[in-house]
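K.L.:
Residue-level listing of the chains:
2 protein chains.
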Amino acid sequence: MKYCSLCGGTVDFRIPDKDNRERFVCNNCDAIHYQNPNNVCGAILTRGDQVLLCRRAIEPRYGFWTLPAGFMENGETVEQAARREAIEEANAEAAGLQLFGVFSMPYISQVYLMFCGELIGDFSPGDESLEVGLFRQDEIPWSELAFPVVGCSLELYFKHGTSQVHHAWFSRDQQRNHSIHFGD
Amino acid sequence: MKYCSLCGGTVDFRIPDKDNRERFVCNNCDAIHYQNPNNVCGAILTRGDQVLLCRRAIEPRYGFWTLPAGFMENGETVEQAARREAIEEANAEAAGLQLFGVFSMPYISQVYLMFCGELIGDFSPGDESLEVGLFRQDEIPWSELAFPVVGCSLELYFKHGTSQVHHAWFSRDQQRNHSIHFGD
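In the order they appear, the protein sequences are chains X and G. To convert a position in the first sequence, counted from 1, into this note's numbering, add 79. To convert a position in the second sequence, counted from 1, into this note's numbering, add 79.
A hint or two may mislead.
To be verified - Computed from the model, here is a short list of chain G residues facing chain X with C-beta under 7 angstroms:
#, residue
1, M151
2, V157
3, V190
4, V244
5, W248
Keep in mind that the hints were calculated from the coordinates and are not lab data. The structure presented is a predicted model; accordingly, all values stated were derived computationally and were not measured. Idealized CB from N, CA, C, for every residue including glycine.
Next comes chain X alone, as it looks inside the complex (with noise of 0.2 angstroms):
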């Protein structure tokens, strides 16, 4: 951020007063202009002992396979939100949605709020999806899977169905690998 979005003046990042971290606040206006986590809020749609899982057709991962899920857009709830990107990604919609999972990715400051439901009617791929398929345990293709909340997800749903809702958070190191942590 270098210009202020509502006067057009320049930004300094700076710890605003009675704060305590740093903003971009603008010179002319005073504006303080705060950068918060985005969620991103998805679904495990399931048929029988089958799963819903979509094949990327946009960057990051363009290829890998994914549950349906987006950033989520003002004025709706995280539930419609998910059963929007299922529309979107997949042309599928989902009956009994229950939320399933809260998991924290503070390393790109995002939200993952997962939930879980069962596939009414038929499927295909959206705009943003090469390919979309059902896929029982054994046949998810764990290799090719786009983040490891993904994956993640679906090792938590076959292990515990939907008994409880997880709450979890995500560490990444320097060499880009992934731990996933249950409380602090």
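Could you slot chain G onto chain X? The hints should help.
P.N.:
Showing chain G alone in chain X's frame:
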């Protein structure tokens, strides 16, 4: 938003290529400036049958009682944000924090992520609190609570304890009356 924060050019509010909703788009450098919901993280901190509440020393709702909670910052987990807010608002530390509820407020594009845990040691008002105190269920100042999510969280806690993770969303009508919804 009137100016591009990257180049200082003017912005239009229009639907970008390959998108389906209006965004602020720079007329000069074509940057798309997404605006997304914010997370508010907080905690129900308990000691025996008492719950910690803070009386707000800031607007909105100056003078009303609330659970310690505030905007999640970049680079932290939802749980770290809840802990930080308890320290900032009440100098209060928690043990055994567990996810308690996820509450969407689409009319203000916020998501509350509430935890529940045991209050450890002393507490005292932080800069944003006029006073802090412990309240039994029949001592809660129900008519002087700052926000609907505070009252609903307390009701859910006194009814269910920590036996489940709640997921709900709030609506607000034109008279600013709020309703809580579980499920769609």
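K.L.:
Now tell me, hint by hint, if it's right for this structure.
P.N.:
We went through each hint and held it up to the structure:
| no. | hint | result |
| --- | --- | --- |
| 1 | M151 | holds, 5 angstroms |
| 2 | V157 | holds, 5 angstroms |
| 3 | V190 | holds, 6 angstroms |
| 4 | V244 | holds, 4 angstroms |
| 5 | W248 | holds, 4 angstroms |
Violated hints for the displayed structure: none, as all numbered hints are satisfied.
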